[in-house]
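Fit chains B, C and D to the given chain A structure using the hints.
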Amino acid sequence: MNKVTHIEEAIAAIPSGAVVMVGGFGSPGTPFSLINELLRQGQKHLTLIKNDANEAGIGISKLIEAGRVDRLITTHIGLNKTAIEWMNTQRLEVEFHPQGMLAEKIRTAGAGSFGFLTDIGLGCEITREDQLLDWEGERYKVEMALKADFALIHAARSDRLGNLVYEGSAMNFSPLMAMAADQVIVETPECCEPGEIAPNQIHTPCAFVNSLVLLPLLTQEYAVMEHHVRH
Amino acid sequence: MNKVTHIEEAIAAIPSGAVVMVGGFGSPGTPFSLINELLRQGQKHLTLIKNDANEAGIGISKLIEAGRVDRLITTHIGLNKTAIEWMNTQRLEVEFHPQGMLAEKIRTAGAGSFGFLTDIGLGCEITREDQLLDWEGERYKVEMALKADFALIHAARSDRLGNLVYEGSAMNFSPLMAMAADQVIVETPECCEPGEIAPNQIHTPCAFVNSLVLLPLLTQEYAVMEHHVRH
Amino acid sequence: MSDIEIILKRAVHEVHPGSILNLGIGLPTQLLDYLPDDLDVMIHSENGVLGAWKQAPREEMSASLIDAAGAYISTVKGCSFFDSAVSFAMIRRSKIDLTMIGAFEVDQEGNLANWKIPGKFSPGIGGAMELAQKTPRIVVLSTHCDKHGKPKILTKCRLPVTAYHCVSRIITDKAVLDVTPDGLLVTEMAAGMTPESLQAITEAPLIFAADTLDLTEEVKLS
Amino acid sequence: MSDIEIILKRAVHEVHPGSILNLGIGLPTQLLDYLPDDLDVMIHSENGVLGAWKQAPREEMSASLIDAAGAYISTVKGCSFFDSAVSFAMIRRSKIDLTMIGAFEVDQEGNLANWKIPGKFSPGIGGAMELAQKTPRIVVLSTHCDKHGKPKILTKCRLPVTAYHCVSRIITDKAVLDVTPDGLLVTEMAAGMTPESLQAITEAPLIFAADTLDLTEEVKLS
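Protein chains in written order, with the numbering used here: chain A, 1 to 231; chain B, 232 to 462; chain C, 463 to 684; chain D, 685 to 906.
Chain A with its partners taken away, still in its complex shape (with noise of 0.2 Å):
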């Protein structure tokens, strides 16, 4: 049960018009590597996922820049100008959630079921009428589950039959959408073996999780940003 794989063969399963996860809230848990692999190897009008855009020129940015992306689901494109000025001219179809009814639209699927009912947003613009359900006497938003072909993951460590821990804010989505999609690609710069991580300090189980790509180095993409430093 050794998941290990290379990056190209691993992102090589991905074909043009996938649905494709990526975890990450801003730059902590973007898989900037599987991204740039992607990026390198062509696949064309893809539907991404993810919380937010990156910011112009690195992470999903770089594809939608590339016009590898037709559509993005999302929470908040404030950080990017790039993808924001790619939606307000058509080249980009961008559908917004609460970030809370992303997650929860993405663990629903990662749950095994199809729906859920709330109350976010009813009476708001973002709610349409066919989406309201009336049910044991209360009115309920009805909310889809969101699923996913792919999802590419950053994980800060894994054993090699991939159960995954994660650092800081960089769990995030990730937890989430290696439940819901039906292929799940990780990327990790620590691989350890099995039984080195404790069995409770483990946040995705190696059930969810289909291949695993070593990193040799982690790039400049995954250092502080200077411009998010306060001086």
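No false leads were slipped in.
Stretch by stretch, here's where chain B covers chain D in the computed footprint (C-beta under 8 Å, at least three residues):
id : stretch
1  : 722 to 729
2  : 755 to 764
3  : 770 to 781
If you are wondering where the hints come from, they were derived from the structure by calculation, not from laboratory data. Every value quoted in this text rests on a predicted model; they were computed, and no experiment measured them. Glycine included, each C-beta is placed from N, C-alpha and C at the ideal position.
Chains B, C and D only, in chain A's frame:
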């Protein structure tokens, strides 16, 4: 933000007639001490929500045998002949759910949602006509969220803010119940200072915990049960 | 060799290295005793364990670690613990490759009844319904007849069904049967059984493979 | 003192020891700079942090740890990290005691608009909708008027609403206003403001507390 409370005071908050979730799958994770105190204080007409009924003479079975429990929402009570006897003689009302549906109903309440759409049990005896929903061309069963007034939880370790860590298979329903109940009472044999548990090793963040009872020692109920050891 | 031993020894052949499996409470759990110690599998237990293994040595038992059957288990390297919602997410997302499960009744369409005998036995549902409905491959382990000698392999289940069209294979002390679109296909029979004698203790009509193997031989290989 | 400074220094008084709070991106996040270092609060950040704190010293910054506003934060003792589903479960289960949030518009019924200006600004929704709808106490931090000098405190929001009837209090550079069943009650005013001059820059009709305090004095206490 010190949540450490005396056991008498913590349990005295529970009134007769309360709906109480109890962690644990079999013995692991069962908050025996909190249950014993609830037995001692005498609250009646309780509705309990627990995976199982423990075994005769221990855990929530004590409450059932003392006639304190009107209703049990559970998944399987096969290891407790006394509880089955109470059920069969109509002294205890029992509501059964598939185990993962019980978990998910609790988790749905814990997520602040109201229900979810599933296909589990469709066409089976457990599904009533009024639970069926045709939505976007598919037929689903609607499972409603399951909340509680209180949750009683056993944690292997905590800090005094109420950040919890579970051990082994003792996690099971506890993190879900901690999210789903309005008041969460935790017992633990080990309470440390904030910061001693690594932030990414906390299973239940302190926001979900209201009071914390320190166990001076673990009684025999927490030990390996000889009759479950095969020789 | 007891009927149970025959079933379990044959069931060992169903377990493929590299797979994730769940062993239902009762007969399937006993399979643990028959699995080689170096087998590369991950056993899922509904109570939140992936990587459960045989009973731990007495001095290593933890009161906080059981499998869903209540045994004080050891674990394999790479084991993980998680909550019940994640545990059943794993099941409903079909991440368990194989579930071995017991049966009160199983029928020719692969329908399974194993959770309730109205008026006699209704201790609850447990994890059976979700395992049966969502595991890609379900192998039923069961004696061929009940303790009164009555067939358990039926034309149509009479007890409340756990899940429909879920069973792939049935392993009994008398035969191995595959659920196919055409009905139940017998691929192995125990020594001494004939198509006629097997049909006589089976309610569902049986189809026999051209090269029906000797179940007893398979058992000896374990 | 700038308008922003006035607002933030006054906002410090809203933070009670022992509470959990969330600081919206923009003006509220800047409050961090004004909080005393030994304050016993837990700051929730939507990206999965409970116990977020001020920017970390340069040598302790981690590229894996930011708050929802993108700052490389330090954490307090007892901090926990969790996934986005748990993070918003915390919000929707109303475990956040207080959210300070920015506004494009807020009206006399406590309705809030802060996520979209159709045709001009629609970067998404983020966590604002759930925070606004589910936090027991919402305090809006905002300049009293927009940069063109137009009132932001309206009779009825004209922009798409983030959440209805959610705001408890509004803190501006000119006044502190509480949303009450009778309308907006002014409890503090900046030095030099009169009921008339405040009403003149506010679209919603104002009620004035009998003992309206001096906002400027409150600010000096910080």
